[in-house]
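Chains A and B supply the protein sequences, listed in that same order. In this text, residue positions in the first sequence follow the working numbering: the first is 6, and each later residue adds one. In this text, residue positions in the second sequence follow the working numbering: the first is 57, and each later residue adds one.
Mixed in with the good hints, there may be bad ones.
Unchecked claim - With a Cα cut of at most 30 angstroms, we get these calculated DSSO-like pairs of lysine-lysine:
id, chain 1, residue 1, chain 2, residue 2
1, A, 107, A, 59
2, A, 107, B, 121
3, B, 121, B, 63
4, B, 63, A, 110
Hints were generated in silico from the structure; no laboratory data involved.
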Amino acid sequence: GIQVEQSPPDLILQEGANSTLRCNFSDSVNNLQWFHQNPWGQLINLFYIPSGTKQNGRLSATTVATERYSLLYISSSQTTDSGVYFCAVHSGAGSYQLTFGKGTKLSVIP
Amino acid sequence: SAVISQKPSRDICQRGTSLTIQCQVDSQVTMMFWYRQQPGQSLTLIATANQGSEATYESGFVIDKFPISRPNLTFSTLTVSNMSPEDSSIYLCSVEGTSGTEAFFGQGTRLTVV
Chain A
6 GIQVEQSPPD LILQEGANST LRCNFSDSVN NLQWFHQNPW GQLINLFYIP
56 SGTKQNGRLS ATTVATERYS LLYISSSQTT DSGVYFCAVH SGAGSYQLTF
106 GKGTKLSVIP
Chain B
57 SAVISQKPSR DICQRGTSLT IQCQVDSQVT MMFWYRQQPG QSLTLIATAN
107 QGSEATYESG FVIDKFPISR PNLTFSTLTV SNMSPEDSSI YLCSVEGTSG
157 TEAFFGQGTR LTVV
């Protein structure tokens, strides 16, 4: 099946700093999403972005489908950004299940 | 979008017992998905639940251990049976939104087996 790799696995930022998280996938996808898992375990949708670029406040994401990677940008980080960021993809035609990467654990310190 | 209510949010259970987790969606959906997240790990799909048919289980998961019900298009339950400490995980239900693109998740059930 499709492989999803995220980097870095861990990231520590000073409040106010910017960061870039990366997601590589091994095959073509028709669905890619970024999620934030808060410390209580809840998964929050950030972006549905199988291709192109989207922005939402301090967050933005870019997916280059032809090169099989996606990037999540966090600007002016805040302590509330802490948690685990997951990239997830649909495996392919006729498949509705998501395959998740291992996540990037972000800690933003004051 | 879809709003999913999952309960319980957390529980501590004795080994050998069973726990049933409920998932209620605010709209009718064809498929519901159940995931497990072991401590410090990513999410792994347990099974896909369609209304009116048997759930489809992923490799490594069996119906006797994780029976699933799907009585209608807005509700599903997952039971974790004969629990052991290795079953301590977060369990999450998920659905696709009305556009058929984004996935939405319940709040998760944090299970600890002692």
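Evaluation of the provided hints:
| no. | hint | verdict |
| --- | --- | --- |
| 1 | A:107 x A:59 | 23 angstroms, holds |
| 2 | A:107 x B:121 | 25 angstroms, holds |
| 3 | B:121 x B:63 | 19 angstroms, holds |
| 4 | B:63 x A:110 | 26 angstroms, holds |
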